[in-house]
Amino acid sequence: MSETLRRPAFWALAGGTALLLALPFYLDAFWLQTGLFAISAAIGAIGLNLLTGATGQLSMGHAFFLAVGAYGYVYLASDDGAHVSGLGVPTPLAFVGAVVLAGVAGGLFSPIAGRLRGTYLGIASLALIFVGQHLLMNVEGVTGGFNGRDVPPLELFGLRFDDSPDLVVFNIPLGALERLWFLAVALLIPAAWIARGIVRGRPGRAMNTIRDHEVAASVMGVPVARYRAGVFVLSSMYAGAAGALLALVFRRTVPEYFGMFLSLDYLAMIVIGGLGTAAGAIAGAVFVSVLPQLLTRFGGELPLVSAPGTGGVSPAEAARILYGAAVVAVVLFLPGGLVGLWTRLRLRITARRRPPAPLTRLDNKEQPA
Amino acid sequence: MRDELIVSGLTVRFAGLTALDDVGFTVAPGSVHAVIGPNGAGKSTCFNVLSGVYRATEGSVTFGGTELTTLAPHRIAALGIARTFQNIALSRHLSVEDNLMLGRHRLTKAGFLSAGLRLPRARREDARHRARVRDIAEFVGVGDHLAAPVGMLPYGVQKRIELARGLAMEPRLLLLDEPVAGMNGTERQRMADVIVRARADLGISILLVEHDMGMVMRLADEVTVLDFGKRIAGGPPADVQRDPAVLRAYLGAAHEPTAGTATATEEEERERA
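As they're listed, the protein sequences go chains A and B.
Those letters in the first sequence? Residues 0 to 368, per numbering that gives the first Met the number 0, in order.
Those letters in the second sequence? Residues 0 to 272, per numbering that gives the first Met the number 0, in order.
It should be emphasised that the hints constitute simulated quantities derived from the structure, not laboratory data.
Be careful, since some hints might not be right.
Some chain A residues well away from chain B (every beta-carbon gap over 12 Å; in silico) [what the hints assert, rightly or not]:
hint, residue
1, F29
2, W192
3, P202
4, G203
5, E213
Facing chain B, according to a computed beta carbon distance under 10 Å, are these residues of chain A, among others [stated by the list, open to error]:
hint, residue
6, G85
7, V88
8, P110
9, I197
10, V198
11, N207
12, S217
13, G220
14, V223
15, R225
16, V230
17, A328
Since the structure is predicted, the reported quantities are computational estimates derived from the model, not experimental observations.
By construction, the Cβ of each residue, glycine as well, lies at the ideal position given by its N, Cα and C atoms.
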């Protein structure tokens, strides 16, 4: 334990968590909502990074599983209404149920996910988006059709995650967004911790080798198809949790949100942040979620960006162009993404602090002929 | 018999092209058996069938009485058959240690849940197998590079890591696909030493595909010669070296066996490699 306390990584983590927990006391509603989108996106992106970054399986269907999580929660938690039905399950169970449901949906697709490699899975999973959109629009009894459905607030141990004015901490009233913030942080930390354990452990090595050299993985004893299917289910569950959390933040689910662009956003997140790690997914999710909001907020001061509908480039478009450029820049100049950049900077700093090691000749036997 | 590899009547066809035609040989437990032949003779195809990567069209391969031709590659690995690749097949971004730990996959159990939650079971397992992997790295002579990403290391070291990963599977049979291809003299010598010691210390059987005749003659107890997918000769190295069919395959039909052809074969092979 004392060794853990001396590691800078531990203190960085503890400081980061403390900062995350303190933020709701200082941020206004706009930034809280942006932050909540970023945290939800981070959970979803961690799942996609396990699949695409660590295992090399491209998925265009991530938005579908986000939708399953979001609508799954709504359907399970809502009571029967005039036009839409619901099961009226207690909301925390409904949240867990939504994650399980997304996992089951992933499991149903896993015979395909297990057999197809890399980009081929990307093409096959595109179908999920179209199936998803069709179902969301047309199964009105469950999804509410084009207009979507209201999301019932979560209620955990008597605490409702809405604006009921009875929670005041340090003289600051905690509304729905503040309360959801704590919930989101409480979900993100274990999500990242578990993903990190998987990537660094036995399953992660098998996944990385499937990505790098499928035949080598199989002859070393890795059941490749079963692993691919398993990772697909796992990444669907992460997407389900992210979707349910997004639904709670939005307070309304609408089908058009869960389209192909959402899947592309998630792919942009993991590429920009860094493929294959939980940290990369989080960094990318923050970048991609916060950038459009920054441009909306401060767009007036930037050249070329104008309010939507007035001609010129709208903030949302500017954001897309910018992170399109970011993806290209990362692919060309930063192979490890934002996290890779951070690692390189850290190495440079530690190298400067330490005197350079004397250069020794290679062992004679290792000299090239 | 236990741990005996018996290949019989093995035929592999790819859409009309016959890569292997009725090939048969036996690898005795604890022996080093070499498969040689000119380029395109079917050596690599043979390896890919043995490790389950290709399906055999006809024939059978049994190891310790178990039929291999119907098994998936990971099931063959589970029987204790390890292989290395001619073209290095390591994960370039992973450390040497992690690459070797992949070899322990079949011997370990941690899944998504126990690795994700870092259950004590998974942590103990990890520590135990890391210790063994470090021993194996020392044994093969890559112990100094454990933390380095494989992609940063020289070719000769990567070839030894391939071998170490195979040994990390604690195999009963090790398939080595051209373990010294592209190496210089010292590196070859070093690799040969490791193979000899691995066999002596661990008592495993080794099936070797190699172009370096000096290496084959020094290491192998038995040699099988393939040419155009057919087995043209087999036996102890010294006999095979003098076999007229082998000389024809390597040097062309016009060549008549005379005294001193053994060295001629060896030189010819060097040139090819």
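Going through the hints against the structure:
Interface exclusion of F29(A) from chain B stands, the closest Cβ pair being 35 Å apart, more than 12 Å. Taking the minimum C-beta to C-beta distance to chain B, about 8 Å, the non-interface status of W192(A) is violated against the 12 Å cut. At roughly 5 Å from the closest C-beta of chain B, the C-beta of P202(A) falls inside 12 Å, breaking its exclusion from the interface. With a least CB separation of 7 Å from chain B, G203(A) falls inside the 12 Å interface cut-off, contrary to its annotation.
The beta carbon of E213(A) is not kept farther than 12 Å from every beta carbon of chain B, the shortest such distance being approximately 9 Å. With 10 Å as the threshold, the beta carbon of G85(A) stays out of range of chain B, its nearest partner Cβ sitting at about 31 Å, so the hint is violated. Because the beta carbon of V88(A) sits about 25 Å from the nearest beta carbon in chain B, more than 10 Å, this interface hint is broken. For P110(A), the shortest C-beta to C-beta distance to chain B is roughly 16 Å, which exceeds 10 Å, and the interface hint is violated.
Contact between I197(A) and chain B, as hinted, is supported at the beta carbon level, the nearest pair being about 5 Å apart and thus within 10 Å. Interface hint status for V198(A): upheld, as the beta-carbon distance to the closest one in chain B is roughly 9 Å, under 10 Å. Taken as an interface hint, N207(A) checks out: its beta carbon lies about 5 Å from the nearest beta carbon of chain B, inside 10 Å. The beta carbon of S217(A) comes within 4 Å of a beta carbon in chain B, closer than 10 Å, and the hint placing it at the interface holds.
Against a cut-off of 10 Å between C-beta atoms, the interface hint on G220(A) holds, since the closest Cβ of chain B lies about 3 Å away. With 10 Å as the threshold, the beta carbon of V223(A) comes within range of chain B, its nearest partner Cβ sitting at about 7 Å, so the hint holds. With its C-beta approaching chain B no nearer than about 9 Å, R225(A) sits inside the 10 Å limit, and its interface hint holds. With its C-beta approaching chain B no nearer than about 8 Å, V230(A) sits inside the 10 Å limit, and its interface hint holds.
At about 21 Å, the closest approach between the beta carbon of A328(A) and any beta carbon in chain B exceeds 10 Å, and the interface hint on this residue is violated.
In this structure, the hints that do not hold are numbers 2, 3, 4, 5, 6, 7, 8 and 17, in rising order.
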